[in-house]
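Student: Sequence:
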Amino acid sequence: MTYYDEYNFPSSHLVDADLGALQKATREDKPELFIKYCNKVIAAKNEGRMPLRDAAYSISRTMFIEELNDSLFEEITLLAGELELPPQFVNGEVEVKWQNLVALVGEYNKVHTKAQ
Numbered sequence: 000m001t002y003y004d005e006y007n008f009p010s011s012h013l014v015d016a017d018l019g020a021l022q023k024a025t026r027e028d029k030p031e032l033f034i035k036y037c038n039k040v041i042a043a044k045n046e047g048r049m050p051l052r053d054a055a056y057s058i059s060r061t062m063f064i065e066e067l068n069d070s071l072f073e074e075i076t077l078l079a080g081e082l083e084l085p086p087q088f089v090n091g092e093v094e095v096k097w098q099n100l101v102a103l104v105g106e107y108n109k110v111h112t113k114a115q
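Residue numbering for the sequence shown follows numbering that gives the first Met the number 0, starting at 0 and increasing by one per position.
Any given hint could be a false lead.
[Said to hold, decoys possible] Just the calculated beta-carbon pair ranges, DEER-fashion:
no. : residue 1 : residue 2 : range
1   : 28        : 88        : 28 to 38 Å
2   : 28        : 92        : 27 to 37 Å
3   : 25        : 86        : 13 to 23 Å
[Unchecked claim] Subject to a maximum C-alpha distance of 30 Å in a straight line, what follows is the list of computed DSBU-like cross-link-like pairs (lysine-lysine):
no. : residue 1 : residue 2
4   : 23        : 109
5   : 39        : 109
6   : 109       : 35
7   : 35        : 23
8   : 23        : 39
9   : 35        : 96
10  : 39        : 96
11  : 96        : 109
Source of the hints: derived by calculation from the structure; they are not laboratory data. Beta carbons: idealized from backbone N, C-alpha and C, even for Gly.
Using the sequences plus the hints, can you model the full thing?
Tutor: What follows is the structure in structure tokens.
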């Protein structure tokens with residue numbers, strides 16, 4: 000049995016519709032929708048509606064959206080993938096890494112807002 004069998008990220012459903020919209024969006028719209036998606040996940044975590052691991056899982060689920068393949072996107076999704084693991088498997092302090100992830104999303108927002 001894997002940890003995925005034991006922990007199925009129950010609150011990630013809060014953003015399923017947003018993920019579907021992001022996946023179906025045009026290439027040009029995906030960066031902006033990715034920012035909105037991440038901000039919704041971050042807000043849900045900060046408001047206590049989504050535990051950190053569920054929030055990290057929700058962000059890491061975007062990792063295979065090919066049109067969002069720049070290095071900053073990759074850094075965000077890889078860090079989110081690490082944070083969805085049980086805390087004992089995360090290399091370093093979980094809350095510090097979460098704050099780093101939030102900062103990376105903010106940086107992605109700045110980069111992709113200027114480019115438009």
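Student: Decide, hint by hint, whether the structure agrees.
Tutor: Hints versus structure:
no. : hint                : verdict
1   : 28 - 88: 28 to 38 Å : 35 Å, holds
2   : 28 - 92: 27 to 37 Å : 35 Å, holds
3   : 25 - 86: 13 to 23 Å : 38 Å, violated
4   : 23 - 109            : 23 Å, holds
5   : 39 - 109            : 17 Å, holds
6   : 109 - 35            : 13 Å, holds
7   : 35 - 23             : 15 Å, holds
8   : 23 - 39             : 18 Å, holds
9   : 35 - 96             : 20 Å, holds
10  : 39 - 96             : 18 Å, holds
11  : 96 - 109            : 20 Å, holds
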